[in-house]
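K.L.:
Sequence:
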Amino acid sequence: MNDGCVYVNPDGILFLNGDFEVPMKLKVVFQKARDYIRYDLKEIAFPSSLPDPPHIKKRRKLTWIERYYVIREACRLYAASWVRDIGPELRPNDYKQAEEDKDNQDGGGHENKRKEPSTLEDLAVAARGGMETLRPALQRLYMTRTSAYTDALKSFIEGYQEGIQNVMEKNIERESEKDGKDSEKPT
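Heads up: the sequence shown runs through residues 1 to 187, numbered per this note's numbering.
In case anyone wonders, no lab produced these hints; they're calculated from the structure.
Any given hint might turn out to be false.
Said to hold, decoys possible - Below, in silico cross-link-like pairs of lysine-lysine (DSBU-like), each with a Cα-Cα straight-line distance of 35 Å or less: (1) Lys-181 <-> Lys-170; (2) Lys-32 <-> Lys-58; (3) Lys-154 <-> Lys-170; (4) Lys-154 <-> Lys-181; (5) Lys-42 <-> Lys-32; (6) Lys-58 <-> Lys-42.
Kindly generate the complete structure, drawing on both the sequences and the hints.
P.N.:
Here you go:
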């Protein structure tokens with residue numbers, strides 16, 4: 001009975017006859033479950049986003065080595081962000097080496113130079129002291145930010161007004177040239 005035909009057993013269950021026999025109903029159920037898990041459940045759990053617009057060029061997939069380097073660099077930068085003295089480019093080791101080199105070039109010895117505390121350090125010390133010390137520190141912070149914003153806004157307005165004046169002067173020059181050309185033409 002190894003001819004690849006479909007047979008019905010006395011219980012009424014269909015069987016495929018081949019190398020192994022699997023009831024047809026069970027096979028269909030397994031196929032439906034597999035398709036559901038493979039396609040539908042994946043879409044329900046992790047819905048796909050809208051497709052990219054046509055003008056967007058797709059990036060190539062990273063190789064495993066490139067992925068490793070990206071993850072390694074991200075972990076290094078994350079670890080560097082927890083360092084209290086973060087350098088200008090989030091590279092504390094390079095930042096400290098540059099400072100040591102500069103100190104060695106200047107005097108050769110380590111001098112205790114007292115720096116003014118940063119705003120973050122100032123707030124941290126004030127927060128430890130409680131609300132009485134935190135309120136003045138926050139007021140200083142807000143006042144400095146407010147003065148920075150007002151200075152930036154004033155400089156923007158001045159620049160904007162200068163730009164408008166330049167455009168108006170160019171329009172007046174064009175009109176005067178146009179009037180001069182019109183007066184030269186005989187009518």
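K.L.:
Compare the structure with each hint and give your call.
P.N.:
Here is how each hint holds up against the structure:
no.: 1; hint: Lys-181 <-> Lys-170; verdict: holds (16 Å)
no.: 2; hint: Lys-32 <-> Lys-58; verdict: holds (34 Å)
no.: 3; hint: Lys-154 <-> Lys-170; verdict: holds (24 Å)
no.: 4; hint: Lys-154 <-> Lys-181; verdict: violated (41 Å)
no.: 5; hint: Lys-42 <-> Lys-32; verdict: holds (14 Å)
no.: 6; hint: Lys-58 <-> Lys-42; verdict: holds (23 Å)
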